[in-house]
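J.: Sequence:
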Amino acid sequence: MRDDSQYIHDLTAQGEHRQQDFKYEITDAGKLARSVSAFANTVGGRLLIGVRDDGTIAGVKTEEEIYMMTRAAYGCCEPEADINFKTYHVDGRNVVVATIPPATAKPVCAFDDEGHKTAYMRIKDENVVASPVIIEMWKQEQREENVMPYTDTESGLMEMMRLNPHQPLQVISKIAHIKRFLVIKILARLIRYDIVGWEWDGEDFLFYLK
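Positions 972 to 1181 (the numbering used here) are the ones given, in order, by the sequence shown.
Heads up, a few of these hints could be off.
Simulated crosslink set (DSSO-like; lysine-lysine; CA at most 27 Å straight-line) [to be verified]:
#1 Lys1095 to Lys1002
#2 Lys1088 to Lys1110
#3 Lys1150 to Lys1181
For each label pair, taking beta carbons as the anchor points, the in silico distance ranges come out as [said to hold, decoys possible]:
#4 Arg989 to Tyr1179: 15 to 23 Å
#5 Thr1070 to Gln977: 16 to 24 Å
#6 Lys1145 to Gln990: 31 to 39 Å
#7 Gln1141 to Gln977: 48 to 56 Å
Derived from the structure by calculation, the hints contain no laboratory data.
Just so it is clear, CB atoms sit at the ideal spot from N, CA and C, and this is done for glycine as well.
Using the sequences plus the hints, can you model the full thing?
T.: This is the structure in structure tokens:
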């Protein structure tokens, strides 16, 4: 156990952000798996366990929290996510820092209570359900698909996006009259080739030509 109060206080002063989340306590490994999935699928990050949302130190029972974190990473995620634990003694209390590196094999999915798998990603300080377009992009990267077909379908889709920027997947599919599964594949390729960008508006993923 490390006695490094200043280090933890420096972290809490940053607040929650894309690579940092606070957890007051852990009562549900399944819910915690969402954070593990989100960090692993984005750029990695850390969970400060025993820290309230406002950054104040609550402290935890170290062994119990590490057990729940281990369950979240190895029992509630597929594929299993890497995770590293360090315990710090801060102001007379224990804080566990769980560091999750970015996954090499994406998507890392979290199981819910019914056994359904969902992939999350980290956007600002939120864990967001990943768009099927982003998931397809990860899968294409894993398959090392490096060929970019350009047919009338791709051309028509891009023209539609030029005329109708910043639209969600379902709207693009409807206006372009292209089946949803095919739009997903095309958008994923266009994002990989830096032709299309995306943004999260708080409710949905919007796609646009760059």
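J.: For the pair Gln1141 and Gln977, does the Cβ-Cβ distance stay inside 48 to 56 Å?
T.: For Gln1141 and Gln977 the Cβ distance comes to about 49 Å; the hint holds.
J.: Take a look at whether the Cβ-Cβ distance between Lys1145 and Gln990 falls inside 31 to 39 Å.
T.: 36 Å, holds
J.: Below or equal to 27 Å on CA atoms is what counts here, so check Lys1088 against Lys1110.
T.: Holds: Lys1088 and Lys1110 sit about 16 Å apart, inside 27 Å.
J.: For the pair supplied as a hint, Lys1095 and Lys1002, is the alpha-carbon distance within the 27 Å limit?
T.: 18 Å, holds
J.: Is the hinted pair Lys1150 and Lys1181 satisfied, with a Cα-Cα distance of at most 27 Å?
T.: 23 Å, holds
J.: Would you say the C-beta atoms of Arg989 and Tyr1179 sit inside 15 to 23 Å of each other?
T.: For Tyr1179 against Arg989, whose Cβ atoms are near 21 Å apart, the range 15 to 23 Å holds.
J.: Holds or violated: the 16 to 24 Å window for the beta-carbon distance between Thr1070 and Gln977?
T.: About 18 Å separates the Cβ atoms of Thr1070 and Gln977, which means 16 to 24 Å holds.
Taken one by one, the earlier hints all hold for this structure without exception.
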